[in-house]
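Take a look at the letters that make up each chain.
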Amino acid sequence: MAKKPIQFHLNGSEKAIFVEEGQNLLDVIRRGVGDLTPKYGCGQGTCGTCTVLIDGKPHLSCLTLAETIEGRQVSTTGGLQRGAELHPLQKAFMEGFAAQCGYCTPGMLMAAKALLDKNPNPSRDEVVEAISGNICRCTGYEPIINAILEAAKAGGARRYG
Amino acid sequence: MTIHRGRGFASINYPIGMNLGGDPSQALVHSNPGGKFMVALSSIDLGQGMKSVTRQIAAETLGVPVEDVYVDTADSDTGPHCMGSFASRGTHRVGNAVIQAAQEARAVMLEAAAEELEVDPADLVTDGKGNIHVKGAPSKSITTAEACGAAQFKQGRTVSGRGIFLIPLSEVDPETGEMTPVSCFAHAALIVDIDVDDETGEIDVVEMNSAYELGRALNPRLVEQQLVGGAWMGLSHAAWETTEPYYPERSHGPLDFNTYLMPGPGDIASHHISILERPAPDGPYGGKGPGEMCANPVLPAMVNAVFNAVGVRIDELPITPEKILRGIRANGGAQPQGRRG
Chain A
1 MAKKPIQFHL NGSEKAIFVE EGQNLLDVIR RGVGDLTPKY GCGQGTCGTC TVLIDGKPHL
61 SCLTLAETIE GRQVSTTGGL QRGAELHPLQ KAFMEGFAAQ CGYCTPGMLM AAKALLDKNP
121 NPSRDEVVEA ISGNICRCTG YEPIINAILE AAKAGGARRY G
Chain B
1 MTIHRGRGFA SINYPIGMNL GGDPSQALVH SNPGGKFMVA LSSIDLGQGM KSVTRQIAAE
61 TLGVPVEDVY VDTADSDTGP HCMGSFASRG THRVGNAVIQ AAQEARAVML EAAAEELEVD
121 PADLVTDGKG NIHVKGAPSK SITTAEACGA AQFKQGRTVS GRGIFLIPLS EVDPETGEMT
181 PVSCFAHAAL IVDIDVDDET GEIDVVEMNS AYELGRALNP RLVEQQLVGG AWMGLSHAAW
241 ETTEPYYPER SHGPLDFNTY LMPGPGDIAS HHISILERPA PDGPYGGKGP GEMCANPVLP
301 AMVNAVFNAV GVRIDELPIT PEKILRGIRA NGGAQPQGRR G
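Here the protein sequences come in this chain order: A and B. The first sequence begins at 1 in the UniProt record's numbering and counts up one residue at a time. The second sequence begins at 1 in the UniProt record's numbering and counts up one residue at a time.
Only chain A is shown next, with the shape it has when bound in the complex (with noise of 0.2 angstroms):
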């Protein structure tokens, strides 16, 4: 199969790699450069643990070709953190106890991350909303819901760009 050169940014960092045809995101970012936190869930868009923000728009990464990111700004989870100090948000669920088993929970990272940056101060119905692509098996939803209003509220989210 033929292979085409692309270069996109991923966390601000520059990546240039060859893809297969019809290869998708998803497979790039873990398998291609390396950086596992976005996860497989059902590699059919309906999980939404491999959500990803592509010029800061969520996007699920199964289900997008990785030819169409060419010069575009990717972030995932792997970026959140500033050295040593979490993102408002990762606080807010590792203090909220917003993961179980956590394979959610890049995804519901990445939709959050997306809905705080556009709507600093959402409602509950607009966070509800943010992550309603999003499957989580272990917490009944609620501690995410409310972590996410948490770190709306503590403020700051966007500072981390």
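In short, the hints are calculated from the structure, not lab data. Where a beta carbon is used, it is the ideal one built from N, C-alpha and C, also for glycine. Some hints here could point you the wrong way.
Selected chain A positions facing chain B (in silico; Cβ < 8 angstroms) [stated by the list, open to error]:
#, residue
1, A16
2, I17
3, Q44
4, S132
Let chain A serve as the given structure and place chain B on it in line with the hints.
Frame of chain A; chain B shown alone:
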């Protein structure tokens, strides 16, 4: 179209662990020369808090800070035997094994300390902050790190302990049919309020109120987390999830999340939980374990709520809109049962 409000109640006794082969689990505890402790298990933490709770139990028994304890649940090749993480058995079975192992390791640590301090080990106590001292004489003391270091480099002792928890297998009495398969029960009661649409058959969960009795809540935040998440899982089993919608007919079996339904974040209702703590005599520091019990009362309560709302008795899960509508039609219309109390 009418929306009918219904209330359902259920209460359960939930057995902790099982009766197969005595349901044993083992734990090994050892110190390193720096005075930190390792708990080796093959019990797996699925996110339910096995590592956190066994760490707390080990620290409490050893008399050292929780920060000084590590829990390794690597695998069944490197850890001692465990039956597994199921049957709500982790806290109770593994916790008891950890206590036994930690007691043995603590005894060696105190012997090592006693030799260094030239006192009787029976006179020594731990302060939970990393120090061992003579009872009533805090100045006559040694740190756990010094005691474990002395054991390793001077005395030639292993500060280590073995633990196993086993309840002998209970056989059925052939005369009476009696047996004692379970030593420890947890309990729960749950009330669910729902709205049922008699045109679409859809259920809207309005509110849940519950009380759980689960021994001592060894880690209250983890207990709360399990109860909140587990109730959602119960709700999901009650009204959404199935792999065999027309069992034993295999058609329409779901193969992916497009057809295997689960409630999303917009389908949950507020849930008020009360936790009753009645320490179990045979539980580690009184703990039983919430485990599967979090989900169980939701199912019968939901079925009862549907009956209360529209008079349809569902006897096969999940409670789908189709089953509700067929039931309403068979009854010649919705038959609200009214509210008691």
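Against chain B, with CB atoms and a cut of 8 angstroms, does the hint on I17/A hold up? Violated, because the Cβ-Cβ distance from I17/A to chain B comes to roughly 30 angstroms (cut-off 8 angstroms).
Checking hints one by one. Is S132/A an interface residue toward chain B, by the C-beta closer than 8 angstroms rule? 5 angstroms, holds
Quick check on A16/A please, does its C-beta sit within 8 angstroms of some C-beta on chain B? 34 angstroms, violated
Status of the Q44/A interface restraint (C-beta, 8 angstroms, chain B): 6 angstroms, holds
Hint compliance for this structure: hints 1, 2 are not met, and every other hint is.
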